[in-house]
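S.K.: Protein sequences appear in the order of chains A and B.
Quick note: the first sequence uses my numbering, first residue 1, plus one each step.
Quick note: the second sequence uses my numbering, first residue 1, plus one each step.
Just so you know, the hints here were simulated from the structure itself, not pulled from any lab data.
Among the clues, some could well be false.
To be verified - Partner residues are not named here, just some residues of chain B that face chain A (Cβ under 8 Å, in silico):
id	residue
1	29
2	32
3	89
4	100
5	102
6	103
7	104
8	107
As the list claims (entries may be wrong) - Listed next, the in silico DSSO-like pairs over lysine-lysine satisfying Cα-Cα at most 30 Å (straight line):
id	chain 1	residue 1	chain 2	residue 2
9	B	42	A	13
10	B	106	A	13
11	B	106	B	71
To be verified - Label pairs and their computed distance ranges (CB to CB):
id	chain 1	residue 1	chain 2	residue 2	range
12	A	17	B	106	27 to 33 Å
13	A	84	B	51	32 to 38 Å
14	A	5	B	113	30 to 36 Å
15	B	111	A	69	39 to 45 Å
16	B	57	A	83	40 to 46 Å
17	B	79	A	38	30 to 36 Å
Since the model is a prediction, treat every value here as computed from it, not as a measurement.
All residues carry an ideal CB built from backbone N, CA and C; glycine is no exception.
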Amino acid sequence: ETGVTQSPTHLIKTRGQQVTLRCSSQSGHNTVSWYQQALGQGPQFIFQYYREEENGRGNFPPRFSGLQFPNYSSELNVNALELDDSALYLCASSGGPQRYEQYFGPGTRLTVT
Amino acid sequence: GENVEQHPSTLSVQEGDSAVIKCTYSDSASNYFPWYKQELGKRPQLIIDIRSNVGEKKDQRIAVTLNKTAKHFSLHITETQPEDSAVYFCAASSGGGSNYKLTFGKGTLLTVNP
Numbered sequence: 001e002t003g004v005t006q007s008p009t010h011l012i013k014t015r016g017q018q019v020t021l022r023c024s025s026q027s028g029h030n031t032v033s034w035y036q037q038a039l040g041q042g043p044q045f046i047f048q049y050y051r052e053e054e055n056g057r058g059n060f061p062p063r064f065s066g067l068q069f070p071n072y073s074s075e076l077n078v079n080a081l082e083l084d085d086s087a088l089y090l091c092a093s094s095g096g097p098q099r100y101e102q103y104f105g106p107g108t109r110l111t112v113t
Numbered sequence: 001g002e003n004v005e006q007h008p009s010t011l012s013v014q015e016g017d018s019a020v021i022k023c024t025y026s027d028s029a030s031n032y033f034p035w036y037k038q039e040l041g042k043r044p045q046l047i048i049d050i051r052s053n054v055g056e057k058k059d060q061r062i063a064v065t066l067n068k069t070a071k072h073f074s075l076h077i078t079e080t081q082p083e084d085s086a087v088y089f090c091a092a093s094s095g096g097g098s099n100y101k102l103t104f105g106k107g108t109l110l111t112v113n114p
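Make the full structure from the sequences, and use the hints.
M.R.: Structure (structure tokens):
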């Protein structure tokens with residue numbers, strides 16, 4: 001059984017640019033959730049994808065968008081980057097036998113300058 | 001929406017002592033309460049969880065209790081060890097089916113002194 005993976009590990013972007021982050025879910029899981037974790041804070045829910053459809057969204061603007069692919073991997077896209085977007089972006093996969101348990105990937109550290 | 005408050009923000013104990021972290025939630029529809037441990041620079045790791053139809057759950061040195069009436073839940077760690085030092089997050093979810101959005105507390109930095 002493979003765990004949740006994310007790429008890239010670190011990313012530096014300039015304000016106004018666009019970024020795509022990737023997540024591969026744990027084998028046997030069909031749901032991916034994305035979270036933003038600012039320094040010293042708990043993760044904040046961005047959105048969730050289930051069977052390639054958005055299945056719930058947190059309080060994030062439309063410039064945060066996502067995709068889920070047939071193999072259940074997922075992308076998070078952020079347009080028009082702002083300085084406050086600097087954070088650790090975590091994805092979590094779920095949907096196995098204990099469908100409510102979410103397992104996190106290692107995260108992507110995004111720095112916006 | 002759901003709001004989760006977590007206390008204390010920092011906790012320092014001596015090795016072998018017990019540690020207790022408390023959380024309250026606002027949404028009475030919440031039905032799933034996981035706890036995560038996050039070491040510096042690492043991913044949050046699910047350590048224990050409890051569903052709303054259970055009042056207490058234990059796994060070796062870790063236990064979680066839930067009081068639905070008061071809308072609070074707690075993490076108890078007994079016989080603490082230096083490797084228990086980390087940030088601990090509680091979370092609550094009111095989802096169903098495949099929709100379990102987690103709302104997290106702000107975390108507790110636990111330091112276990114040898």
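S.K.: Now, for every hint given, state plainly whether the structure supports it.
M.R.: Hints, one by one, checked against the model:
| no. | hint | verdict |
| --- | --- | --- |
| 1 | 29 | 14 Å, violated |
| 2 | 32 | 5 Å, holds |
| 3 | 89 | 5 Å, holds |
| 4 | 100 | 5 Å, holds |
| 5 | 102 | 6 Å, holds |
| 6 | 103 | 7 Å, holds |
| 7 | 104 | 3 Å, holds |
| 8 | 107 | 5 Å, holds |
| 9 | B:42 / A:13 | 22 Å, holds |
| 10 | B:106 / A:13 | 27 Å, holds |
| 11 | B:106 / B:71 | 17 Å, holds |
| 12 | A:17 / B:106: 27 to 33 Å | 30 Å, holds |
| 13 | A:84 / B:51: 32 to 38 Å | 35 Å, holds |
| 14 | A:5 / B:113: 30 to 36 Å | 35 Å, holds |
| 15 | B:111 / A:69: 39 to 45 Å | 42 Å, holds |
| 16 | B:57 / A:83: 40 to 46 Å | 42 Å, holds |
| 17 | B:79 / A:38: 30 to 36 Å | 33 Å, holds |
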